[in-house]
Amino acid sequence: MLGYLRNKWTLAAGCVLAAVTVASAENGDTQKSIKARGLLNCGVSSGVQTGMSTLDSAAKWNGFEVDFCRAVAAAVLGDAEKIKFVPLEIKTAFATLQSGGIDLLARTATHTFVRDIELNVAWPGAYLYDSQGFLAKKSLGVKSAKELDGASICVSAGSNYELNLADYFRKNGLKFTPVAANSRDQNEKNLETGRCDVYANVLSALAGAVSKLGKPDDWVVLPELISMEPIGPVVRKDDSRFRDIVGWTLNALIAAEELEITQANVEKLKASSTSPEVQRLLGVTGDFGVKLGLGNDWALNAIKAVGNYGEMFERNLGNKSPIKLERGLNNLWNNKGLMSSPLLR
Amino acid sequence: MGWVFQALLVVALAWVAHVAIGNLYDNLAARGLKLGFDFLWQEAGFEIAFHLVPYTSSDNYWRVFLVGITNTLLVTAVAIVFSTILGFTIGIAQLSGNWAVSRAARIYVEIVRNLPQLLHILIWYNVALRALPAPRVAIGVGDMVYLSNRGVFLPALTSDRPGLLVIAILIAVIAALALFRSLTSYAERTGRAVNAWLPSLAVLVLLPVLAVALTGTQVSVSLPQLKGFNFIGGWALVPELTALVFAMAIYNAAFIGELVRASIEAVSKGQREAAAALGFGWWWTLRFIVIPQAVRVLLPPLSNQYLNILKGSSLAVAIGYPDLVGVFTGISINQTGRAIEIVGMTMAVYLAISLLIGALINLFNHMTRIVER
Chain A
27 MLGYLRNKWT LAAGCVLAAV TVASAENGDT QKSIKARGLL NCGVSSGVQT GMSTLDSAAK
87 WNGFEVDFCR AVAAAVLGDA EKIKFVPLEI KTAFATLQSG GIDLLARTAT HTFVRDIELN
147 VAWPGAYLYD SQGFLAKKSL GVKSAKELDG ASICVSAGSN YELNLADYFR KNGLKFTPVA
207 ANSRDQNEKN LETGRCDVYA NVLSALAGAV SKLGKPDDWV VLPELISMEP IGPVVRKDDS
267 RFRDIVGWTL NALIAAEELE ITQANVEKLK ASSTSPEVQR LLGVTGDFGV KLGLGNDWAL
327 NAIKAVGNYG EMFERNLGNK SPIKLERGLN NLWNNKGLMS SPLLR
Chain B
3 MGWVFQALLV VALAWVAHVA IGNLYDNLAA RGLKLGFDFL WQEAGFEIAF HLVPYTSSDN
63 YWRVFLVGIT NTLLVTAVAI VFSTILGFTI GIAQLSGNWA VSRAARIYVE IVRNLPQLLH
123 ILIWYNVALR ALPAPRVAIG VGDMVYLSNR GVFLPALTSD RPGLLVIAIL IAVIAALALF
183 RSLTSYAERT GRAVNAWLPS LAVLVLLPVL AVALTGTQVS VSLPQLKGFN FIGGWALVPE
243 LTALVFAMAI YNAAFIGELV RASIEAVSKG QREAAAALGF GWWWTLRFIV IPQAVRVLLP
303 PLSNQYLNIL KGSSLAVAIG YPDLVGVFTG ISINQTGRAI EIVGMTMAVY LAISLLIGAL
363 INLFNHMTRI VER
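Chains A and B, in that order, are what the protein sequence lines are.
Under the working numbering, residue 371 is the last one in the first sequence; the count climbs by one each step, no gaps.
Under the working numbering, residue 375 is the last one in the second sequence; the count climbs by one each step, no gaps.
Source of the hints: derived by calculation from the structure; they are not laboratory data.
Do not take every clue at face value.
Claimed, not checked - When the alpha-carbon atoms are kept at most 27 Å apart in a straight line, the in silico DSS-like pairs for lysine-lysine are as follows: (1) Lys229/B with Lys169/A; (2) Lys36/B with Lys201/A; (3) Lys263/A with Lys229/B; (4) Lys36/B with Lys164/A.
As the list claims (entries may be wrong) - Restraint ranges, calculated between C-beta atoms of paired labels, are given here: (5) Asn361/A with Gln44/B: 33 to 43 Å; (6) Gln220/B with Lys197/A: 28 to 38 Å; (7) Asn25/B with Gly321/A: 30 to 40 Å; (8) Lys313/B with Lys86/A: 50 to 60 Å; (9) Asp142/A with Ile173/B: 49 to 59 Å.
What the hints assert, rightly or not - Partial pick of chain A residues on the chain B-facing surface, computed with a CB cut under 7 Å: (10) Ala62; (11) Gly73; (12) Asp82; (13) Asn88; (14) Gly176; (15) Ala177; (16) Ala192; (17) Pro204; (18) Gly220; (19) Arg221.
Cβ atoms here follow ideal geometry from the backbone N, Cα and C, with glycine treated the same way.
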């Protein structure tokens, strides 16, 4: 609740600031203000999203979204801890980004046409390919989403999942009653208390919900997947330099996995690797970092902070996490997945 | 000399407005955003759980706006009615000669008004959800009313001409009220005993029945029935609505109770003693001596409390009731990115409803003022 109210105030303050201050944004401004501030303002989900963003008892942030913020902070500032995490519900996330309240939105935000063109924000890449599905109690006895006629369905208010859901039911001539809550947390509570029959969200979120609700055997994800969701970090469109930095930080993490660079061996490989690709990525040769307006050790710092893409996935969402999400489409291209990096040359 | 400062103030205000609007346009242009109301005709694409006006996901944002307004008006109106009834009861109970009753009312006021309204709403929402059974094991009252964690399901009147039915009922209510008033004023004028209730009630019931019979309108009662996951048919009140109404009625009744107590105490003691001396009983004293005078003291702060109920209804967003702030300022802004237009429209709606409530109370105030002879 506190977080919710705080977000409201951040949003309100942001709107007022946007209205009364003259801020002319130019290329490179975001990076300059991050450096001047010495902090990256990074928007993540509410801090209770298992696997995505959680705040532990030692007040330390963990999760997939959090790790991506760390990688960008390490690339830009050389220090993965110089971050102010701003927990945001999807309802306020884009407005906060537009008004300058955050530099980077590393939330589970799906790339859609309307957001891209009408909200004028950019996705420099995709760090998660996810699909929207339905989570139901096994005791409900539902085997397929086609049986959900007349069901009450929990969904996040203002999300694109809300739109996918309405489309799917309209397409199949079925009826449903939405129970639109503001946060995933409230959705999970509503599912648990039986306010709704099923919970519609992306698989990573459903897996997180199951691990949080406990008793994984009581729950079932229905076989129908109703959408393909390219999810990625979001930046403002007016600063193409910062967009490049965020995009190439993600590319560097993916390339690192392909080149078998890990958090553990990165320093050793920097000193000893003879592969020209590894040398270019880690700044031994070439000046890719300088061309981005960063140090040549940008990618090295990012990998040192969070490991390569695969390590980041497994630690937070995959087999080394309580969620145990299958990697599926998020495997590298040479392992039947969709993850690939443009060439580092 | 005074007009110079007034002119300067006007110029300064105009300058501030000019700078603010100029900055708004500059900033929107710098972020590549545009202003305009064309988005209102776009398809919304999302479903809304509870709506009084017909709505589906293929309707546009203008329809979402109307759904939001009617949902806000509904919760405000119902909360005003219930909090007024409860508030008057609490207010009068506080002045009761019965020690236990007045203490209980006092404790109610002190506890309820010192807890934040948001807390009331969250408590009621979570209590209502957790305490009630699932639809398949819902609590049924005579196969007509069902209570479950999906809401309260009531029998509903359905008709092939719902517009005609609504208009007929409205006309009947107005006619019945007019008849009641003219009969009572006739009784007061002539001193004859006239039963005003029976003819008024007859008009209230017979007019709609006559309208239905003459026009051949189909009217049937739809009962809620369990089918699949939920109840189908009847009228469904979602738990978000019931929790919100409960919480707001209980919270605001504490304030209204205080207003009622204070305005009754503002009527001088001599008035009551005079009434007693004339042989008035407890109810007559209250009805003909105290309340008419107390109402004049009560109305201005009461209208203020009603406005608080209207504005407080926007807390609905915390539990996901689809009021104007929830569906329009919340979901619609996120789906369209038109924050400035949507916030502007929402502000205009709240302002308009507030002014309307204020005007109605002023009218009532005017009607009940002391007539000087």
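These are the hints, each one checked on the structure:
Straight-line distance between C-alpha atoms of Lys229/B and Lys169/A comes to about 18 Å, which keeps the hinted pair within the 27 Å bound. Only pairs whose Cα atoms come within 27 Å are accepted, and Lys36/B paired with Lys201/A is rejected, the gap being roughly 35 Å. For the hint linking Lys263/A to Lys229/B, the alpha-carbon distance of about 49 Å lies beyond 27 Å, and the restraint is violated. With a CA separation close to 48 Å, the supplied pair Lys36/B and Lys164/A exceeds the 27 Å bound.
The supplied range of 33 to 43 Å is met by Asn361/A and Gln44/B, whose beta-carbon atoms lie about 41 Å from each other. For the pair Gln220/B and Lys197/A, the beta carbons lie near 33 Å from each other, so the given range of 28 to 38 Å is met. With their beta carbons about 36 Å apart, Asn25/B and Gly321/A fall inside the hinted range of 30 to 40 Å. In this structure the supplied range 50 to 60 Å is violated for Lys313/B paired with Lys86/A, their Cβ-Cβ distance being about 40 Å.
Roughly 53 Å separates the CB atoms of Asp142/A and Ile173/B, a value that falls within the hinted 49 to 59 Å. With a cut of 7 Å, the hint placing Ala62/A at the interface with chain B is violated, because the nearest CB-to-CB distance is about 19 Å. At a threshold of 7 Å, the smallest CB-CB gap from Gly73/A to chain B is about 18 Å, leaving the interface hint violated. Look at Asp82/A: its Cβ only gets to about 25 Å from chain B, farther than 7 Å, so that hint breaks.
Among the interface hints, the one on Asn88/A is violated; its C-beta lies about 27 Å from the nearest C-beta in chain B, farther than the 7 Å criterion. For Gly176/A, the interface hint holds, the least distance from its beta-carbon to any beta-carbon of chain B being 4 Å, beneath 7 Å. Look at Ala177/A: its Cβ gets to within about 4 Å of chain B, closer than 7 Å, so that hint holds up. With 7 Å as the threshold, the beta carbon of Ala192/A comes within range of chain B, its nearest partner Cβ sitting at about 4 Å, so the hint holds.
The restraint placing Pro204/A at the interface with chain B holds, with a minimum CB-CB distance near 5 Å, inside the 7 Å limit. Taking 7 Å as the C-beta cut-off, the interface hint given for Gly220/A holds, the closest approach to chain B being about 5 Å. For Arg221/A, the interface hint holds, the least distance from its beta-carbon to any beta-carbon of chain B being 6 Å, beneath 7 Å.
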